[in-house]
Amino acid sequence: MKLYGAQPIRLTGELDYGLLWLTCGLLGFGLVMVYSASLPTAEAARFTHYNGYYYLIRQSVFVALGAAAAVAVFQIPMRTWQQFAPYLFLAGLSLLAVVLIPGIGKKVYGSQRWISLGFANLQPSEFMKLLAVLYAADYTTRKAAFMNDLKKGFLPMAGVMLATGALLLLEPDFGAFVVIVCIAMGILFLGGLNWRVFAVLVVVLIIGFAVLIVTSPYRMQRVLGFMNPWADPYGRGYQLAHALIAFGRGSWTGLGLGDSIEKLFYLPEAQTDFLMAVIAEELGFVGVLAVVLLFSWLIAKAFLIGRRAARLERHFSALTAQGLAIWLGVQGGINIGVNMGLLPTKGLTMPFLSFGGSGIVANCIAVGFLLRIDWEHRQMMRGKTF
Amino acid sequence: MNHAARNRASRRILHLHLEPWRTWLVAGVLGLWAVLLIGRALYLQGLQHNFLQDKGDEIAARRLTIPAYRGMILDRDGRPLAISRPVETLWGWPKKIDRYDAHQLARLAGALGVPVAELRRRIATPGDGILSLDRDLDPKQAARITELNLPGLQLQREFRRFYPDGSVAAHVVGFTNVDDVGQDGIELAYNDWLEGRPGSRHVIRDRRGRIVAELSPERDARQGGNLTLSIDLKIQYIAHKALKEAFEASHAEDAGIVVLDARTGEILAMSSMPDYDPNHRANLTPRLVRNRVLTDSYEPGSVMKPFTVADVMEHGLVTPDTVIDTAPGYAVGGKVIRDDEDFPEQTVTQILQRSSNIGAVHLAMMLTPQQFIDNFRSVGFGAYPDTGFPGESNGYLHPWRTLKPVDQATEAYGYGVSVTLMQLARAYMAFANNGVIMPLTFLKRDPADPVQGVRVYPAPIAAAVRRMLMTVTQDGGTAVRADIPGYTVAGKTGTAHKWVGNRYAQNQYYATFVGMAPATRPRFIVAVMFNDPKGPNYYGGLVAAPVFAKVMGTALREFNVPPDEPMPPPAVLTERAAPREPA
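Protein chains in written order, with the numbering used here: chain V, 555 to 940; chain W, 18 to 600.
Be aware that one or more of the hints could be misleading.
The list that follows gives simulated cross-link-like pairs (lysine-lysine, DSBU-like), each with its CA atoms no further than 30 Å apart [to be verified]:
#: 1; chain 1: V; residue 1: K900; chain 2: W; residue 2: K112
#: 2; chain 1: V; residue 1: K900; chain 2: W; residue 2: K72
#: 3; chain 1: V; residue 1: K661; chain 2: W; residue 2: K113
#: 4; chain 1: V; residue 1: K855; chain 2: V; residue 2: K697
#: 5; chain 1: V; residue 1: K661; chain 2: W; residue 2: K112
#: 6; chain 1: W; residue 1: K113; chain 2: V; residue 2: K660
For the record, the hints were derived by calculation from the structure and aren't laboratory data. Note that the coordinates shown come from a computational prediction; the quantities given were computed from them, not determined experimentally.
Chain W extracted, bound-state conformation (with noise of 0.2 Å):
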């Protein structure tokens, strides 16, 4: 190793020096890299604070509902109608189910109640967001399924719409759709009043679902408003009841009854047949759902006579005792009008008795076609009948400026003009309330606040009407099986021909019947109505009267009436203590 080279490596070893300027370079550059931190975090969170909140909201924050009830609709007396019942959704995430194994799966359908591959096909559905695995779970079955702490589940609160009574007041109540919006009834007609708005929370949820922050102040649910209505469930079920088996007997097309309180014009009971249970909303056919009371409007025959009798009595032309010509076959405008019977003259009570068409034409004549038509419309006939509720009908009148003398004289019983149910029921109220036609209505009235009512007739014109119309149910009358033993019944049966293409069908009826009793002093007015009866029983004193018997019946006890006309020698006794013959 010669002289130089030593002295080299010897100088290197020697001046191993650690130059400063090496250790301040990489110090300055982690120095500077920690500059570049800080700056770099006061971006983040100076900045892009909004930005990021915003992202991280759109991952964590979540809007719930809280879902709010619909309020209940209850008869007067508070026994439920439509009640809201509290159900539990199960929501899935198909991602965390297709882990489960075979013994999860299996506790899971078990708990719902469905076989194991239903279940998986439920699952299978495609695309990967979550999938309701059942709904309208009960709240048992839904702490079941809680309990077996299964991952990807979630279940959530709704409320179903339950009609208890089921078909019943299934017309009177109606009905709502799957986002629980009234569809029909009272249901659609106080939609606003009984739906609830449900309450929101924005929240900050963990990954795993839990509400971990609230974001705002929370939107508190208003829960739907309950409902009291005028109809009673006890008077509504016999109504159905009678309704429904006098519909079957007779294989009528449709038919209807309506029950209202004759002083208040509250609507205790109605109902419609062909009849449905709002409880399967998936069997309903316009068909059944359709209210035959309010909506349907048919040419009523001679439930109208009253009216014109009432008129003629008021202008002074007649007294229930005047004698009439009824002589058969009254030609008017080439058209002549008979009777079932011929009598050669009656009374005016006679008239209405028999329910003479004759008779009834000859005063019906006795007006001028404005005074007839007007007698028609302030009783109610040709307006909307103001019940409130949806798809009511105004039926047809004939304005009187056009009315022919033949017109006049079919309209005079019924014939030409087109009433629904519900206007027939409240213009009786006229002759009911000693002349004073009350506002109807589907909710319960405060005794407290009376509402004012429309005077149509003179109270004592009203109560000869009535008097004269008492006789219809008894000897002699057209309805004598609309009689109920201990009360008076004044009403008047109506049997019209049905318009079928383009003439009245001879074998097609409409049969209808509107009393109130006690007659005395109404309490309750009762109208049925059948479309076209089957069999010989076509009369609406036959069809439609019984229906009306049994109804008041019930209605009168129910409201503890006091019975106006002396019981009946007890028959039924008598027999029953007669000696048995031996067998």
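Chain V with its partners taken away, still in its complex shape (with noise of 0.2 Å):
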């Protein structure tokens, strides 16, 4: 395990531009495919006043409030943000108190996820992610000492994660808490505690999403629609048939850019969940190889500037590092896999490339804090301290 290690670090410039341009390329092209698949909806709605540009117009803004809100975070020391990191995630759960209230919460397909703010809606939950990389991340380098005992070092962060489950089910949102237990117990596991507690708990959790499938009825019918989509394709299985269709119509190079039949009004939700498929469909296996693997490429990179943090003995950063990158990875691997037939559907978008003003700023956000991250190991090298 001294591979990475043995080299010594050598980093050139301010900032890690491959990280940026990386990120700028996936916001970028999913602008182009929340337009493309976006396009003949958004004409065909009322409520867009049948502008096609309706989504493009907004999803341009969310970029750009994202870029905003990444440079905000980026002039913030991290060690500030570890001081405020419990502070922030409390903010966080009563946000996602707030939207449970009639009134306030916005129903939508019969989740109550969003807070109107007039001209976008917040989704907390969104938020919630990234504000619980904070907070494990800080508890884990906090608690450090516990990490074999159960009692100590589970246990509290256990109860924080029932409560933020609780509140999440109550909208209900189960693809965000999924994505959230993922967070915790990965930062839980990177930061030491005992693999034998930790496999007892993942077992333990997937008997728990397990009775949790079971008891719901319409998640057990996501899953059977799951099984076999074509024992039903007009009924329960049909988003995952028509996300399949476009997958396999796409082919190997795709029908072209602007030419999936899917999204016209087949495939719910084409620019969000299924964006994927539409990107499978108009730009074929080229396209969804393509993702896949810049998705991969930056995970990496998070992956990599966490474990750089570990060596520099900066546990916060390396944490926050790297639980960034399970997010965005369980997240983009869950929301394609959903596409692909592998998981029961799930309301979760693809990270960076789906429509969605909450999801794109606290992507943003993410990569604010990675290059902050990375950045203060640049000044570091050269001899400043944080």
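With the hints in hand, could you dock these two chains into one complex?
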């Protein structure tokens, strides 16, 4: 395991420009695909005033907001972030509670996940994923001594996660809950949680999720639809059947940008949850491979930044960077998996690509953190301390 | 706190060490997942491409038909007899229509012109497939429905057959069924030519039914061919009208008329009673649809006599002026043949003029059975007239080998043979066209492309018979009512007792008149038949001849045939010039 550590850390330049351009590339590609996927529905819908640019304009604004938020985050030292992490997490929790208040929280398709801000909606659960990373990283750093201790090391975190989970399931937002649990467990594991304890917990969690699925009719339906979409392609299996058709129709090189048929009112949520299906149909396997590779590269970079922080004994930064990697990796992995029928249908967007204000801003902030952590390393190489 | 415990605690803090293997494990799991995703993409987009494509086409691809209209049927001057009119069928998706509010329902009902309750009843049809809300909408109504912009509706263009002349040419043109396939008449006979072949398009449609892509090149629709008939609508109209009036006045069971161009064999008009309106198929019954001219054969009576006369003359046995002993009561085979009016002797011409049965029998008996029957056969009796019309009958002609003298005697005046009116008209072409019978046709002939006729009599014989037949419509003839001022007319009446059950009914007749004009150089042949006319006017000369005169007169004027007879003195003008008596 000295593979990485054997090399002296050499960083040139001010910023990890690779990460920056990778992010810009994904965001730009996302804009193009959101526009393509949303055009037919936007042009046909009354609430968009039949404006085909409706989603593109919004997504552009979100990207700009995200960039601004990332720049702002970048200005603040990680040490400060660590100090405020628990409070930020508490603020996030209260937003999750607020969203449940009738009249404030906005209900869409039976889920109460949004707080209306007028021009757009705020989705606290998207930010909660980010705050969970910060909180878990801070928690693990503080409780490092108890990582072998189930009671002192794990249970407090478990309590916090249960509270968060309860709020998320009340919305309901099962997808966000899964992601946050993955983040918390991942960070605990990276922080040195006893692996035997961890293994037991993983088993318990899997059983817990299974129970949650079986006890909720709508989740159960989604699972059944996922098992065999062709059994009921007009009912339970509808979304998945059309997503799979989109993949199949795309074949190797796709039908061409803008030529998706499934986005023509067949595929619901083409610009959000099922954007990958549209990408697969219009750009084919080549497009899917490019997205998976670019995305994997970005996550690999986050892990590397985290490892570098670990070697510099900057534990909070290390766990934050790797926690962000887990978040983006798990959410992206689930989203693509759902699109391809490897996982049951879940309301999770594709980070950086899918339409959605809160998601895009939260993703941009994540990159802001990664750039900040990396930037601090570069400064330390020059003898500066933080 | 003892030393060891503090030491252990501090060691833990001091040694908070983020082990690299944990990172690699987590990153590795995510990386494996990425590999799995790529593998799944390869499977879906490479291996399962065809299966998924088919599944997609099942949902989104549709084969659309491009309707092709049926060709028009036109009369010889291009006037329409049958046209295909575009209509729209309105299809609805009940699931969407169920969500209409009362206002939307009312608007749809208004556009369809039905009460809301009726519309509700149509929608309430069980099943969740699509249902036809209305058929035969005209394009204006369809446009109004499109303007409503309601969801769940779709219009489909079709063509419906329309017969602008209604019943006038019904027995010629026939009709089509709901699927636009010819069922009778010309519609059936030339169905292959008239019928269009619908084209098709294989398209991808979006979920709202709009076409977004073509899958395969479309097959063009082939429109049906137009058909120009030999029928002259004006003659057809007057023939139909005159026949209908006489039919209704005489309370006949049925009646028929046919008008031929005597030189070309073109059928200019044909009508049958009772008639029907092909635009209202629901009212059709076999009795109405039946074509009496072509499909009904009957014993024609005396109209058969001229053929025997012509044959006897052709064999050089008599001339028009040969005097025949027609003493009353000709006994043959235990049967005594009589005439209505007795003459001890008559010339051949007089036999035709007065329609003497005894005279006809005397002439027939001059021939051998074979000569007698072959003569009938040569002018087309017992054979299909080959008009190309569906359901035409060939009638019945006795084989000469088994012909007994009594048969030959009765057949000479038209009993014991069975013919159709079309066969009669065709056979009279032998006299009208100087001995040559032209093939019959319902299609307009190209004058530049003449057809070959069949000579059955030498021209002088045909002309001689025609001259004799002219006397029929003159004073002393049986059909003075067939006279047309300004034109010479040749013709023959036939009045035959109807065979009912197993005997000839005493008071039921077939009344026929077949004639041609101008007799000096005939242009047209008109044959008229009534089955069982009631009342005193049951004679062919009384019920059929006036119809002949009306139709023939119109045809002659319509075709600008120059009169060949000096007009009678203008009695009408003299009358008008006379001073009016004070009231």
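- [ ] Compare the structure with the hints numbered earlier in the document and write down the numbers of the violated ones, lowest to highest.
- [x] No numbers; nothing is violated.
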